[in-house]
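Residue numbers (the working numbering), protein chains in the order written: chain A, 1 to 469; chain B, 1 to 215.
The set of hints was computed from the structure by calculation and includes no laboratory data. A quick note: this is a predicted structure, and the numbers were derived from the prediction, not measured. Misleading hints may appear alongside valid ones.
If the Cβ cut is set under 10 Å, some of the chain A residues that face chain B in the computed set are [as the list claims (entries may be wrong)]:
1. 14
2. 20
3. 29
4. 50
5. 64
6. 256
7. 319
8. 325
9. 328
10. 329
11. 331
12. 387
Here are the simulated lysine-lysine pairs, DSS-like style, with alpha carbons at most 30 Å apart [stated by the list, open to error]:
13. 63/B <-> 163/A
14. 206/B <-> 9/A
15. 316/A <-> 286/A
16. 162/A <-> 34/B
17. 63/B <-> 162/A
18. 4/A <-> 202/B
19. 322/A <-> 63/B
20. 62/B <-> 162/A
21. 162/A <-> 202/B
22. 176/B <-> 373/A
23. 63/B <-> 316/A
24. 163/A <-> 206/B
25. 163/A <-> 176/B
26. 162/A <-> 286/A
27. 63/B <-> 330/A
28. 62/B <-> 322/A
29. 9/A <-> 176/B
30. 163/A <-> 62/B
Simulated restraints on C-beta separations [said to hold, decoys possible]:
31. 371/A <-> 183/B: 17 to 27 Å
32. 177/A <-> 58/B: 51 to 61 Å
33. 145/B <-> 18/A: 37 to 47 Å
Using N, Cα and C, we set each Cβ at its ideal position, and we do this for glycine too.
Here is what each chain is made of, one letter per residue.
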Amino acid sequence: MSNKTLYDKLWDSHLVREDEHGTGLIYIDRHLIHEVTSPQAFEGLRLAGRRPWRVDSILAVPDHNVPTTRRSEGIADPVSRIQVETLDQNCTDLGITEFLMNDPRQGIVHVIGPEQGATLPGMTVVCGDSHTSTHGAFGALAFGIGTSDVEHVLATQCLIMKKSQNLEIRVDGQLVPGVSAKDVVLAIIGKTGTAGGTGCSIEFTGPVMQGLSMEGRMTVCNMAIEAGARAGMVAVDDTTVNYLANRPYAPTGELWDRAVASWQQLHSDPDAVFERTVTLDASTLKPQVTWGTSPEMVIPVDGVIPDPDNEPDSIKQEGMRKALAYMDLKPGTAVTDIRPDHVFIGSCTNARIEDLRAAASAVRGRKVARNIKQALVVPGSGLVKRQAEAEGLDDIFKSAGFEWREPGCSMCLAMNADRLEPGDRCASTSNRNFEGRQGRGGRTHLVSPAMAAVAAVTGHFSDIRKEQD
Amino acid sequence: MEKFDKHSGLVVPLDRHNVDTDAIIPKQFLKSIKRSGFGPHLFDEWRYHDHGEPGMDDTQRKKNPDFVLNHPRYEGANILLARHNFGCGSSREHAVWALLDHGIRVILAPSFADIFFSNCFKNGVLPIVLDEDTIDRLFTDVDATHGYQMTVDLPAQQIHLHDGEILNFDVDPFRKDCHIRGLDDIGLTLEHSAEIRGFEEKHRHKAPWLFDVTN
Ligand code: SF4
Numbered sequence: 001m002s003n004k005t006l007y008d009k010l011w012d013s014h015l016v017r018e019d020e021h022g023t024g025l026i027y028i029d030r031h032l033i034h035e036v037t038s039p040q041a042f043e044g045l046r047l048a049g050r051r052p053w054r055v056d057s058i059l060a061v062p063d064h065n066v067p068t069t070r071r072s073e074g075i076a077d078p079v080s081r082i083q084v085e086t087l088d089q090n091c092t093d094l095g096i097t098e099f100l101m102n103d104p105r106q107g108i109v110h111v112i113g114p115e116q117g118a119t120l121p122g123m124t125v126v127c128g129d130s131h132t133s134t135h136g137a138f139g140a141l142a143f144g145i146g147t148s149d150v151e152h153v154l155a156t157q158c159l160i161m162k163k164s165q166n167l168e169i170r171v172d173g174q175l176v177p178g179v180s181a182k183d184v185v186l187a188i189i190g191k192t193g194t195a196g197g198t199g200c201s202i203e204f205t206g207p208v209m210q211g212l213s214m215e216g217r218m219t220v221c222n223m224a225i226e227a228g229a230r231a232g233m234v235a236v237d238d239t240t241v242n243y244l245a246n247r248p249y250a251p252t253g254e255l256w257d258r259a260v261a262s263w264q265q266l267h268s269d270p271d272a273v274f275e276r277t278v279t280l281d282a283s284t285l286k287p288q289v290t291w292g293t294s295p296e297m298v299i300p301v302d303g304v305i306p307d308p309d310n311e312p313d314s315i316k317q318e319g320m321r322k323a324l325a326y327m328d329l330k331p332g333t334a335v336t337d338i339r340p341d342h343v344f345i346g347s348c349t350n351a352r353i354e355d356l357r358a359a360a361s362a363v364r365g366r367k368v369a370r371n372i373k374q375a376l377v378v379p380g381s382g383l384v385k386r387q388a389e390a391e392g393l394d395d396i397f398k399s400a401g402f403e404w405r406e407p408g409c410s411m412c413l414a415m416n417a418d419r420l421e422p423g424d425r426c427a428s429t430s431n432r433n434f435e436g437r438q439g440r441g442g443r444t445h446l447v448s449p450a451m452a453a454v455a456a457v458t459g460h461f462s463d464i465r466k467e468q469d
Numbered sequence: 001m002e003k004f005d006k007h008s009g010l011v012v013p014l015d016r017h018n019v020d021t022d023a024i025i026p027k028q029f030l031k032s033i034k035r036s037g038f039g040p041h042l043f044d045e046w047r048y049h050d051h052g053e054p055g056m057d058d059t060q061r062k063k064n065p066d067f068v069l070n071h072p073r074y075e076g077a078n079i080l081l082a083r084h085n086f087g088c089g090s091s092r093e094h095a096v097w098a099l100l101d102h103g104i105r106v107i108l109a110p111s112f113a114d115i116f117f118s119n120c121f122k123n124g125v126l127p128i129v130l131d132e133d134t135i136d137r138l139f140t141d142v143d144a145t146h147g148y149q150m151t152v153d154l155p156a157q158q159i160h161l162h163d164g165e166i167l168n169f170d171v172d173p174f175r176k177d178c179h180i181r182g183l184d185d186i187g188l189t190l191e192h193s194a195e196i197r198g199f200e201e202k203h204r205h206k207a208p209w210l211f212d213v214t215n
């Protein structure tokens with residue numbers, strides 16, 4: 001009788017060898033590449049006189065540095081331009097498939113992989129980017145790697161690693177309208193802390209996860225890294241299979257049938273043993289808003305900013321004080337009294353079609369409030385953008401006063417021209433609220449797409465549940 | 001990778017939890033296509049008063065005198081004493097390159113973020129996990145002692161503290177061996193090429209849809 005977790009199964013089916021200390025050599029099926037973490041890996045490969053092991057496993061796309069306006073004019077910043085050109089050149093030289101900046105399929109690497117069916121259940125997926133955990137939503141083992149490991153995978157198709165522990169996060173109950181996958185994952189991080197998953201692979205289970213769409217599951221797995229885990233995953237079910245049918249890179253015909261049959265095994269066995277299980281009851285969950293400079297500093301929208309004086313741990317207390325000073329917030333302030341001046345709807349966490357639909361429905365027929373200096377919508381990919389335009393979502397956003405941009409990472413990390421200025425406060429659908437993440441001195445509040453949208457039209461954080469009837 | 005055997009040096013304390021990779025090396029410096037030159041921008045936003053951009057003359061910039069790396073007493077430090085969950089956030093190896101370029105070869109903390117921890121080993125930086133109480137005590141001692149030095153002996157897995165006390169630490173045997181010999185893990189893995197090919201054939205047979213993807 002098998003009693004393996006999903007992670008155990010994925011590990012075992014990719015283990016090439018194991019040494020006497022239990023260090024494994026793991027075979028990699030899909031290697032995603034972007035411009036920021038790959039140039040030094042390609043250079044290393046070249047200097048050592050090596051070639052990529054399996055070019056057909058690689059898919060490349062520029063996303064972090066690309067401009068989100070006037071793209072036909074190219075990249076104005078010369079340093080960014082060289083980085084993107086270096087990626088283009090490396091891919092051309094080695095025969096690697098790349099979606100170029102002006103290709104309609106271009107987008108954030110973690111949005112386009114699944115969208116193309118280039119991420120499949122049962123795969124090992126890596127990318128030089130921590131949010132690779134996103135792809136685990138498909139019952140894949142997906143995790144971020146550093147540049148030396150990018151080079152290692154290019155050269156050997158494998159990675160040297162130790163098996164991690166199994167952590168189950170079970171989300172019970174049922175979500176109320178207005179509460180989304182983003183609120184679930186923020187609440188989980190609030191509960192476990194940003195180091196709660198260190199050394200673990202997380203499997204998200206329970207009725208709420210089963211009820212989420214693939215987009216929602218990707219949002220949750222995306223932020224597994226913010227809970228400290230390298231990988232997050234969800235078992236395969238009909239939702240997974242239906243999402244993948246007819247995607248460009250997905251198998252077809254007889255191969256599709258065989259693939260689907262094999263994917264049915266991709267769940268934890270009933271007797272599987274997790275080292276740890278954390279549960280969350282989603283029925284009482286409220287929309288979440290982060291108040292500090294770490295994703296674990298999160299409270300419900302009807303809450304007030306916590307007081308460091310009530311924190312017994314002196315180091316945590318000091319961290320809270322620093323965060324409050326940076327965020328320019330006072331203990332006791334109601335979340336709904338906080339007024340952002342920027343709204344950013346985008347990133348690999350929340351820039352898929354469902355996210356844009358949720359945001360658009362909160363905006364429909366309303367105007368961006370006067371205190372909002374800038375409200376941006378940056379679709380996750382060119383195909384998401386096209387789909388949104390076909391549904392008329394762009395018109396809803398534009399007539400409300402939002403800017404409708406070209407796809408890319410944009411203000412999630414502000415490597416391109418989209419960024420906050422010192423002191424700016426932003427309601428953002430991205431995944432990190434670290435100091436300076438969206439621009440030096442910028443203040444980030446992480447929220448769901450609907451919560452960001454409603455903040456834009458009301459001018460302060462508002463409870464989306466009250467905005468709906 | 002540079003070999004790592006014994007390492008002695010001055011210790012600098014960074015008393016903050018959850019120091020993230022964005023803080024270690026801000027994103028504007030990730031646009032470089034090189035591995036070197038990140039040292040002057042290590043902790044850029046904390047180290048300088050102005051906003052740093054690639055290509056700036058850093059000697060002309062106004063330093064933040066309150067930031068610990070700018071304190072004269074820690075000049076030339078090459079061992080970093082840190083807190084819980086050091087290196088959290090992104091996978092950027094640039095964070096380790098910046099520390100290394102600045103001269104840091106050892107980091108002591110109660111815990112590290114996973115990807116950062118593994119990136120250290122690829123670059124000849126040794127991350128050492130010590131229990132919270134020991135780290136606390138080191139913070140107190142380093143603060144109280146000007147010129148606090150220690151020696152890290154990797155083969156013996158020992159740290160010789162300033163006052164002569166010896167601490168033991170754990171390290172994964174495979175990583176230890178690579179570190180001491182300065183081995184490139186790609187070369188090591190390629191010694192198993194035949195085994196990888198063998199695995200790949202079986203894998204292709206079981207899951208052919210993962211191979212030769214046409215698009
Ligand atoms: S959208 Fe943000 S988190 Fe996602 S890959 Fe881009 S920069 Fe990283």
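Quick rundown of the hints versus the structure:
The beta carbon of residue 14/A comes within 8 Å of a beta carbon in chain B, closer than 10 Å, and the hint placing it at the interface holds. At about 9 Å, the closest approach between the beta carbon of residue 20/A and any beta carbon in chain B falls short of 10 Å, and the interface hint on this residue holds. Interface hint at residue 29/A: satisfied, since its Cβ lies 5 Å from the closest Cβ of chain B, which is below the 10 Å cut-off. Checking residue 50/A against chain B by beta carbon gives a least distance of about 7 Å; that is within 10 Å, so the hint holds.
A cut of 10 Å between beta carbons decides the hint on residue 64/A: the least distance to chain B is about 8 Å, and the hint holds. At its closest, the beta carbon of residue 256/A sits 8 Å from a beta carbon of chain B; the interface hint therefore holds under the 10 Å criterion. For residue 319/A, the interface hint holds, the least distance from its beta-carbon to any beta-carbon of chain B being 5 Å, beneath 10 Å. Among the interface hints, the one on residue 325/A is violated; its C-beta lies about 13 Å from the nearest C-beta in chain B, farther than the 10 Å criterion.
For residue 328/A, the shortest C-beta to C-beta distance to chain B is roughly 17 Å, which exceeds 10 Å, and the interface hint is violated. With a cut of 10 Å, the hint placing residue 329/A at the interface with chain B is violated, because the nearest CB-to-CB distance is about 18 Å. For residue 331/A, the shortest C-beta to C-beta distance to chain B is roughly 19 Å, which exceeds 10 Å, and the interface hint is violated. Contact between residue 387/A and chain B, as hinted, is not supported at the beta carbon level, the nearest pair being about 20 Å apart and thus beyond 10 Å.
Distance check on the hinted pair: residue 63/B and residue 163/A sit about 43 Å apart at the alpha-carbon level, beyond 30 Å; violated. For the given pair, residue 206/B sits about 14 Å from residue 9/A by alpha-carbon distance, which is consistent with the 30 Å threshold. For the given pair, residue 316/A sits about 25 Å from residue 286/A by alpha-carbon distance, which is consistent with the 30 Å threshold. For the given pair, residue 162/A sits about 29 Å from residue 34/B by alpha-carbon distance, which is consistent with the 30 Å threshold.
Straight-line distance between C-alpha atoms of residue 63/B and residue 162/A comes to about 41 Å, which puts the hinted pair past the 30 Å bound. Between residue 4/A and residue 202/B, the direct Cα distance comes to roughly 21 Å. Compliance with the 30 Å bound is thereby established for this hinted pair. With a C-alpha separation of about 20 Å, the suggested pair residue 322/A and residue 63/B falls inside the 30 Å cut-off, and the hint holds. For the hint linking residue 62/B to residue 162/A, the alpha-carbon distance of about 44 Å lies beyond 30 Å, and the restraint is violated.
Taken as a hint, the residue 162/A and residue 202/B pair is honoured in the structure, with Cα atoms around 22 Å apart against an allowance of 30 Å. For the proposed pair residue 176/B and residue 373/A, the alpha carbon gap of about 53 Å is over 30 Å, so the pair is violated. Between the alpha carbons of residue 63/B and residue 316/A the distance comes to roughly 27 Å, so the proposed pair stays at or under 30 Å and holds. Distance check on the hinted pair: residue 163/A and residue 206/B sit about 23 Å apart at the alpha-carbon level, within 30 Å; holds.
A threshold of 30 Å between alpha carbons decides the hint, and for residue 163/A with residue 176/B the separation of about 18 Å falls inside it, so the pair holds. With a C-alpha separation of about 37 Å, the suggested pair residue 162/A and residue 286/A falls outside the 30 Å cut-off, and the hint is violated. Distance restraint check for residue 63/B and residue 330/A: the Cα-Cα separation of roughly 29 Å lies within the 30 Å cut-off, and the hinted pair is therefore satisfied. Between residue 62/B and residue 322/A the alpha-carbon distance is near 22 Å, which keeps this suggested pair within the 30 Å criterion.
For the proposed pair residue 9/A and residue 176/B, the alpha carbon gap of about 29 Å is at most 30 Å, so the pair holds. With a C-alpha separation of about 46 Å, the suggested pairing of residue 163/A with residue 62/B is violated against the 30 Å cut-off. Look at residue 371/A against residue 183/B: about 58 Å separates their beta carbons, and that is not inside 17 to 27 Å. Under the hint 51 to 61 Å, the C-beta atoms of residue 177/A and residue 58/B, about 52 Å apart, fit the expected range.
Here the CB-CB span from residue 145/B to residue 18/A is close to 45 Å, well matched to the stated 37 to 47 Å.
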